[in-house]
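Make a model of the complete structure from these sequences and hints.
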Amino acid sequence: MDKLAARLRKDAADIHVDVSPELDNRIRASLTGITPEAPSDEKPRHSPLFWWASSLTGLAAAVAVIAIVNTGGPSSPASVPVASTQTDIVLPELPALPLKAEQAMSISPLEQELSDIQSDLEKAREAVSEDVRQIF
Amino acid sequence: MTTDLELIEAARDGSVDAFTELVHAYRERLLRFLVTRCASFADAEDALQDTFINAYRYLHSYDPQWRFSTWLYRIAIRNAARHNSGNVTELGDIADSEGDPLSTCIKDSERTNLWSAARRVLSDEVYTAMWLRYAEDMSVNDISGALDRTSSWTKVNLMRGRQALEAEMNRDDSRSKAYG
Chain A
1 MDKLAARLRK DAADIHVDVS PELDNRIRAS LTGITPEAPS DEKPRHSPLF WWASSLTGLA
61 AAVAVIAIVN TGGPSSPASV PVASTQTDIV LPELPALPLK AEQAMSISPL EQELSDIQSD
121 LEKAREAVSE DVRQIF
Chain B
1 MTTDLELIEA ARDGSVDAFT ELVHAYRERL LRFLVTRCAS FADAEDALQD TFINAYRYLH
61 SYDPQWRFST WLYRIAIRNA ARHNSGNVTE LGDIADSEGD PLSTCIKDSE RTNLWSAARR
121 VLSDEVYTAM WLRYAEDMSV NDISGALDRT SSWTKVNLMR GRQALEAEMN RDDSRSKAYG
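Those sequence lines, one after another, are chains A and B.
Each residue of the first sequence is one higher than the one before, counting from 1 in the numbering used here.
Each residue of the second sequence is one higher than the one before, counting from 1 in the numbering used here.
Some clues are possibly wrong.
[To be verified] Derived EDC-like pairs (lysine to aspartate or glutamate); straight-line CA-CA distance at most 20 angstroms: (1) Lys-3/A to Asp-124/B; (2) Lys-155/B to Asp-172/B; (3) Lys-155/B to Asp-124/B; (4) Lys-10/A to Glu-168/B; (5) Lys-3/A to Glu-166/B; (6) Lys-3/A to Glu-168/B; (7) Lys-3/A to Glu-136/B; (8) Lys-155/B to Glu-136/B; (9) Lys-10/A to Glu-136/B; (10) Lys-10/A to Asp-137/B; (11) Lys-3/A to Asp-4/B; (12) Lys-10/A to Glu-21/B.
Derived by calculation from the structure, the hints in this document are not laboratory data.
Here is the structure:
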């Protein structure tokens with residue numbers, strides 16, 4: 001034991017205290033008036049019936065989930081709800097405008113254009129066929 | 001001979017006599033400590049009474065992995081702090097007053113009692129750690145449990161306390177030599 005430890009021990013022993021009989025009686029009297037508190041953190045005890053009921057409930061829930069998953073089949077894409085970003089815009093009703101328009105007579109030029117395109121296409125096809133024939 | 005644990009078990013079942021035996025075993029040790037921590041002897045006595053009352057009331061929460069003395073000290077430290085919180089004077093000041101319970105309990109001696117010096121130079125917690133280590137021979141683990149601190153904290157502060165008290169001891173020794 002080192003010098004400091006020995007000195008501290010001796011000095012602690014040099015502190016003299018006496019517990020008076022009055023204090024002793026006070027403590028004793030206080031203790032008799034007190035009931036030790038029961039432990040509050042004790043886990044509640046359940047009967048075996050509780051555990052059986054819990055187990056059966058869990059088992060039934062598992063069976064129900066399995067049955068639903070296996071009998072339901074794949075859900076069709078149509079049944080899947082799709083989130084829509086379209087919003088309905090409500091416009092105020094406008095009065096009908098009197099339109100005076102004549103039908104455009106554009107049938108002949110368009111037919112001419114179509115026949116030109118078809119002949120060009122035919123020429124291109126023949127050119128490609130000729131190239132392929134030459135290569136192979 | 002009945003051990004502490006047997007007495008504790010009996011006290012848990014409501015035996016006041018069993019707990020009174022525990023009171024008799026620890027009252028003087030605890031009062032000696034409380035006298036060094038409280039502002040008056042009456043406060044120390046009150047703190048001792050409260051310590052045993054609390055211990056008896058909450059005996060179910062005692063964990064036998066700790067020493068019973070460690071658990072009791074933990075309660076006593078809290079009660080000492082509670083009794084001191086109402087006093088205006090600091091612990092360091094009462095050493096000079098005539099009502100200092102520690103000075104009245106120390107035997108007349110030519111040299112200074114180191115615990116008086118310890119109370120002057122150490123903080124409350126370090127003082128308590130030093131007391132538990134050197135007056136009660138508690139292990140570092142028990143001290144950590146009593147103070148609710150880590151063992152690293154306890155080791156470091158015991159070392160600091162030692163250094164401070166060694167300086168005080170050397171100063172006291174040189175003063176004694178100087179006065180012959």
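Here's how the hints hold up against the structure:
This hinted pair does not check out: Lys-3/A and Asp-124/B have alpha carbons roughly 23 angstroms apart, beyond 20 angstroms. For a cut-off of 20 angstroms, the pair hint linking Lys-155/B to Asp-172/B is broken: about 25 angstroms separates their Cα positions. Between Lys-155/B and Asp-124/B, the direct Cα distance comes to roughly 16 angstroms. Compliance with the 20 angstroms bound is thereby established for this hinted pair. Restraint check for Lys-10/A and Glu-168/B: the C-alpha separation of about 16 angstroms stays at or below 20 angstroms, so the hint holds.
About 9 angstroms separates the Cα atoms of Lys-3/A and Glu-166/B, which keeps this hinted pair within 20 angstroms; it holds. For a cut-off of 20 angstroms, the pair hint linking Lys-3/A to Glu-168/B stands: about 13 angstroms separates their Cα positions. With a CA separation close to 17 angstroms, the supplied pair Lys-3/A and Glu-136/B stays within the 20 angstroms bound. Using a Cα cut-off of 20 angstroms, the hinted pair Lys-155/B and Glu-136/B holds, with the two alpha carbons roughly 16 angstroms apart.
Simply put, Lys-10/A and Glu-136/B have alpha-carbon atoms about 12 angstroms apart, close enough for the 20 angstroms limit, and the pair holds. The hinted pair formed by Lys-10/A and Asp-137/B meets the criterion: a straight-line CA distance of about 13 angstroms does not exceed 20 angstroms. Restraint check for Lys-3/A and Asp-4/B: the C-alpha separation of about 33 angstroms exceeds 20 angstroms, so the hint is violated. Among the hinted pairs, Lys-10/A with Glu-21/B is inconsistent with the structure: their alpha-carbon atoms are about 27 angstroms apart, more than 20 angstroms.
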